[in-house]
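K.L.:
Chain by chain, the residues run as shown.
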Amino acid sequence: MPAETGRLADELAAGLEAPICLTWELTYGCNLACIHCLSSSGRRDARELTTAEATGFLDELAAMRVFYVNLGGGEPTLRPDFTDLVEHAIGHGVGVKFSTNGTTLSPERARRYAAMDYLDIQISLDGARPESNDLVRGPGSYAAARRAMENLAGAGFSKFKVSVVVTRHNAGELDELLELAGRHGAELRLTRLRPSGRGARSWDELRPSPAQLAGVHRFLVEHPDVLTGDSFFHLAPLGDEPLPGLNLCGAGRVVCLVDPVGDVYACPFVMHPEFKAGSVRAPGGFAGVWRTSGLFGSLRQPQAAGACNACGAYAACHGGCMAAKFFTGLPLDGPDPECVLGHGEAALSAVPLGARPEVAAGHSKPAADGSPPVAVALGATRR
Amino acid sequence: MACAGSTEPAVTGPGASFDPDQPYELDPAVALRPEPFGALAYHYGNRRLSFVRSSELVELLGRLGAHRSATSAMEAGGIAAELRPRFARALAALHESQVIRAR
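So the sequences go chain by chain: Z and S. Quick note: to get my numbering, add 1 to the position in the first sequence (first position is 1). Quick note: to get my numbering, add 2 to the position in the second sequence (first position is 1).
No lab work stands behind these hints: they were computed from the structure. Given the structure is predicted, the values throughout are model-derived calculations rather than measurements. Treat the hints with caution; some may be incorrect.
Unchecked claim - Computed list of chain Z residues with no C-beta within reach of chain S, every gap over 12 Å:
#1 32
#2 53
#3 79
#4 107
#5 155
#6 273
#7 294
#8 305
Claimed, not checked - The following label-pair restraints were derived from C-beta to C-beta distances:
#9 Z:243 to S:38: 20 to 26 Å
#10 S:65 to Z:298: 33 to 39 Å
#11 S:47 to Z:151: 25 to 31 Å
For each residue, glycine too, the CB sits at the ideal point set by N, CA and C.
Use the sequences and the hints to build the structure in full.
P.N.:
Written out as structure tokens, the structure is:
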């Protein structure tokens, strides 16, 4: 078996015949206005894929043998054909995991979901308490997520996920969040806050401190059953052992993102023209984009370590997250802004004012005064 | 797994140990997808992704269910006797991750 000689991560980084999974933001419509929304969602887009286009896309994923699709948004359950699309995917051998804010997850819907095979649900919750969560996700969002959790648990939906974006305000609540998920028969999933979408404006205020990130790393080492989607590999140099996972950026290599109008991006954290690979509406469809996109082709080439070449930790962190670097104005071949050895802070302070890329308001709903949603002012910052 | 939104590692429970002289088959909940390095195996039940890292091993998986033992499936595929322990170890790992099951 000669393939044993190659490093699996290297082979995966060179790209696959089809993604292992992909994220599909079903709609830009959302009934919340989270200040870190990666897709700057709020209003639906009139050009959203129609039901016929959406089922055609799912058929294409089935033909490519994409194992599962992560549905998100916006709030994906707001699409009137949401359940039909989920059933279509599952019926054609494409497993579904969807992320929801829980506002539509009634006891009836929970029972219907519990009866479906190959379906996984992630409830987004960004704090163990209303104060830490609602600060980011908006008033009432904590209560809605908790109700959805009760409804899923009540319907016997086992092992759903409670998905938490780690911020400065909830980094001290990880034990509480783990306990809360466990009490509902759910698994805890932590992901990294990224300066993408509306997060470009809230990142400086919301991002965990270096000490908090070290705490996240300790927590993950102590709780290997906590899911992360491998999103914390930039913290790997904090330990002797890598965190579970392949410690690989999958963008355009093993995963990608499709937005509500069918545009294909390298990953869910880089919905920006610079990282757009094509459209599923183009004649070659999604397969054509996956196999022939010049952007994806370049991501599948060995990447330059640049300024990180001189650092002994590069093999552990691989320079961190492309999206985090891009949206903070850092070069892609250099340290992550949250580099645990401090190289990111130094690099950030050298980024000239105004050098961060322009981030459009996207589909954000205008506030009463016409400005896009931003963080509500905090009285006292916790920790 | 690789970052970008949600490939996840998964844990599997311990099973009975693999014995090459017993009959096995590809778990019906597993989808195999050919890849340049061999194949990816995805288990829809436990949502675990496994890597089948050679085309010979992929072919062996396809034959497994039609033979009275894993060893006889290896013989039928012309796998040389001295290589069989390595393939048996690979099958044991795939058994552990529930890609194959006893029948």
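K.L.:
Are the hints correct? Go through all of them and say.
P.N.:
So, going through the hints one by one against the coordinates:
no. : hint                      : result
1   : 32                        : holds, 22 Å
2   : 53                        : holds, 26 Å
3   : 79                        : holds, 20 Å
4   : 107                       : holds, 25 Å
5   : 155                       : holds, 23 Å
6   : 273                       : holds, 14 Å
7   : 294                       : holds, 15 Å
8   : 305                       : holds, 19 Å
9   : Z:243 to S:38: 20 to 26 Å : holds, 25 Å
10  : S:65 to Z:298: 33 to 39 Å : holds, 36 Å
11  : S:47 to Z:151: 25 to 31 Å : holds, 26 Å
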